[in-house]
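Asks: With chain W fixed as given, assemble chain S onto it according to the hints.
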Amino acid sequence: MERPPEELSFEEALEELERLVAELEQGDASLEASLQMFEKGVMLSRRCLEILDDASGRIQKLLQGPDGTPVLQPADDEFGAG
Amino acid sequence: MEDLYALSVSDLNCYIRELMDTDEVLCDVWVRGEISSCKVHTSGHLYFTLKDESSQINCVMWRSSVPQIRFPLEQGVRVLAHGRVSVYERQGTYQLYADRLEPEGRGALFEAFEKLKQRLAAEGLFDEERKRPLPKVPRRVALVTSPTGAAVHDMVRILRQRHPGLDIVVVPTLVQGDEAAPSICASLAAAVQVPNVDVIILGRGGGAVEDLWAFNDERVARAIYISPVPIVSAVGHETDYTIADFVADVRAPTPTAAAAMVAPDAVQLRLRVMELQDSLQRVVTGVVDRYRRELALLTQRPILQRPAALVDARRMALQALRERLVRAVGEPLRAKKEKLGALAARLDVLSPLAVLSRGYGVFRRADNGATISSVDAVKVGESGNLMLKDGLLLCRVDAKEEKDWSVHLRS
Numbered sequence: 181m182e183r184p185p186e187e188l189s190f191e192e193a194l195e196e197l198e199r200l201v202a203e204l205e206q207g208d209a210s211l212e213a214s215l216q217m218f219e220k221g222v223m224l225s226r227r228c229l230e231i232l233d234d235a236s237g238r239i240q241k242l243l244q245g246p247d248g249t250p251v252l253q254p255a256d257d258e259f260g261a262g
Numbered sequence: 041m042e043d044l045y046a047l048s049v050s051d052l053n054c055y056i057r058e059l060m061d062t063d064e065v066l067c068d069v070w071v072r073g074e075i076s077s078c079k080v081h082t083s084g085h086l087y088f089t090l091k092d093e094s095s096q097i098n099c100v101m102w103r104s105s106v107p108q109i110r111f112p113l114e115q116g117v118r119v120l121a122h123g124r125v126s127v128y129e130r131q132g133t134y135q136l137y138a139d140r141l142e143p144e145g146r147g148a149l150f151e152a153f154e155k156l157k158q159r160l161a162a163e164g165l166f167d168e169e170r171k172r173p174l175p176k177v178p179r180r181v182a183l184v185t186s187p188t189g190a191a192v193h194d195m196v197r198i199l200r201q202r203h204p205g206l207d208i209v210v211v212p213t214l215v216q217g218d219e220a221a222p223s224i225c226a227s228l229a230a231a232v233q234v235p236n237v238d239v240i241i242l243g244r245g246g247g248a249v250e251d252l253w254a255f256n257d258e259r260v261a262r263a264i265y266i267s268p269v270p271i272v273s274a275v276g277h278e279t280d281y282t283i284a285d286f287v288a289d290v291r292a293p294t295p296t297a298a299a300a301m302v303a304p305d306a307v308q309l310r311l312r313v314m315e316l317q318d319s320l321q322r323v324v325t326g327v328v329d330r331y332r333r334e335l336a337l338l339t340q341r342p343i344l345q346r347p348a349a350l351v352d353a354r355r356m357a358l359q360a361l362r363e364r365l366v367r368a369v370g371e372p373l374r375a376k377k378e379k380l381g382a383l384a385a386r387l388d389v390l391s392p393l394a395v396l397s398r399g400y401g402v403f404r405r406a407d408n409g410a411t412i413s414s415v416d417a418v419k420v421g422e423s424g425n426l427m428l429k430d431g432l433l434l435c436r437v438d439a440k441e442e443k444d445w446s447v448h449l450r451s
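Chains as they are written, first to last, in the working numbering: chain W, 181 to 262; chain S, 41 to 451.
One chain only, chain S, in its complex shape:
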């Protein structure tokens, strides 16, 4: 074998590619199969494998074609893929370059929907406990919807009727077609940035199941999931259920119903406020009455009825004390006074003045005042003072004569 006849690997792969690229069947083909693995590369291109019971083929879909996929790409979903088969020369492998992907019939579409629903449910996106209650009176409502449909006008009309004080922000959004899902995601992200938006209605009017498909998009589901503001989903008619309905905090059967849910029931709320106002009045009146009764009871107590009693008792106690004091001090004083009187009387009796008044006199020596009670106490020629009741007589002894008076006294 000559070298001359050998092809390079590149030449061979190039040759095969040219063969395939010019084949009428391979350059425009529909393939039926089941998706077995599926990955969107960071570049945006979609890589997946199609298989049936006995065979499989690698597929790639360029980024530009991906947005028109109208159903969730889940493992096991049966699809129809359109494109061309060619060689990836670097690897020497052939693959299907897909430009369209359709679910294989309604059944497959439903299956894909169910599969996505199950996966998101398992992830917790539908959990009841994370659903938030709607505000009773929102300050501002954002309507993420088409600005041209009937739905937006219906919603605005109902909201205005129910509560003219409500601020409404319409966030114009594509709700069908290839760009709907990213548009909804962008609108939701923008709506939560608007100040005072307390609730969002994500809605569109009725349409064919395919028209509502954006609301089954996983990206939309996740955008709803991460919204910090409660979202009411209102997609299509009452019988239409979308993935968005399951993730949203509240599902409304129609956009009109959503508006009615979001607008406050002013009549009901006013009634409640009035009720509370009444309770407030009644309770506080009760409290005041209770204190008033307590006060009345207190004022009826004797001590407050006759406050003088308080002073009277004290006055009486004071009086008793005073009497005791007087007694305590006065008694010994009187005794002493009486004693003094008695003493004075006795003194009176003993007083020489009394004797003098009866005509007796006291003779006392002139030199030393000593009382002369015996003739022996004085000599003739000496002098003395005779004390009478009203004065003194200056006397000199001329003579002495002794006498015994006792006989006279005895007789």
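Bound-form chain W, shown alone:
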């Protein structure tokens, strides 16, 4: 399951972060393992904040292409105004 944090969805990153904190709170990890978990936790929380801070959302419209397959078309102007 070891995927790099930047590939995780918000849910996945948050869930993993919660798990890490809970495991650390158990207090029976070795010092080295604890520090590794801490490092990972910091990356996960960064990932979470990065997703929340993202402002690059797009508005698109799903249309039927000429061959019948659906095509995504930018529609920021049509729906995003205002």
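To be clear, the hints were calculated from the coordinates, so they are not data collected in a lab. The structure presented is a predicted model; accordingly, all values stated were derived computationally and were not measured. Among the hints, a few may not be true.
Facing chain W, from chain S, some residues (calculated, C-beta under 10 angstroms) [to be verified]:
(1) I56
(2) V177
(3) A230
(4) R310
All residues carry an ideal CB built from backbone N, CA and C; glycine is no exception.
Replies: Here is chain S on its own, set in the frame of chain W:
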């Protein structure tokens, strides 16, 4: 009776059909009744029976007319059917060829709605345990709705306000009229194919109950049911409940409310992440402190305070061993040395040299070195060596004279 007067079966049925087809009442009639059996053939044509307390009639509706039916066709629903009555010549039966079906009043419409709801509920389409939670932060939201209504703009505005990072895909859909139900089904199917769509809002703004009817269509209900992506239904106003609302994972009272539900509450989520970050910091600091204290305790142990002690003890043990070794080996050596000294002293006493130094001599035969201790041991004319303290005198015996010295010794 002559053959001449007999009609063929076909002729008879044809005659009856022509009679009926030209009858003013039968070719344009409304019939009131209750649906008792109802089946859509694979061809798309609808076959059903209308009945009342004492009679029934078979009915057929051609495929082209079926889409305009605005209510669920359930057993027992009271309807008004319009069409013409004619003969199905092959079977010699007459039936109603319906081109319109309406519920008999609002009550019947409600009844039909209730009946469909009960059937779908029994089938498990509304089961709470299969409702999925909405993602906290969806990557992409699909809006299955009319691209022209106010609803779509409201939803986009709320979503953008709440989370500008959200990708939005509008899936233009007919939401009222005869083609609405198939259009909704097609849009839902297309929306789930779009990559990263984590949630779908199926919505339309308010309208008359009839306008919302597509959302009570069984096909729409099943399309929602099979969607692999969670669906929020948001149809009409707060007081409007449709079958779609019951099947959907979440029902929102209005499209605007749906958008608010779907968009992440960034403030709340940020707070939670910060909280976790703090816990992480605090817990790991605690862990490090604990290890540090343990380390401190260990370094205060005497052995680490004065590591020389470890060597000292060993050194002392070594010393003791060495002493034991020296004792073990030296003791017998000294004893032997002492014994040797004593022996040497005794030897000294016995040594003829000591006697010689006092003026005595030892006379020994020249031929064999034997000590001559008696005058009898030598003859006159023989020679011998007289050993003194510092050398030898070569002597020859000239004469012998026996004497008894013991008297002198005794006196």
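Asks: Could you run down the list of hints and mark each one as holding or not?
Replies: Here is how each hint holds up against the structure:
At its closest, the beta carbon of S/I56 sits 48 angstroms from a beta carbon of chain W; the interface hint therefore is violated under the 10 angstroms criterion. The restraint placing S/V177 at the interface with chain W holds, with a minimum CB-CB distance near 4 angstroms, inside the 10 angstroms limit. Of the supplied interface hints, the one on S/A230 holds, with its beta-carbon coming within about 5 angstroms of a beta-carbon of chain W, less than 10 angstroms. A hinted interface residue such as S/R310 counts as satisfied when its beta carbon comes closer than 10 angstroms to some beta carbon of chain W; here the least separation is about 5 angstroms, so the hint holds.
This entry does not satisfy hint 1, going by the numbered hints stated previously; all others are met.
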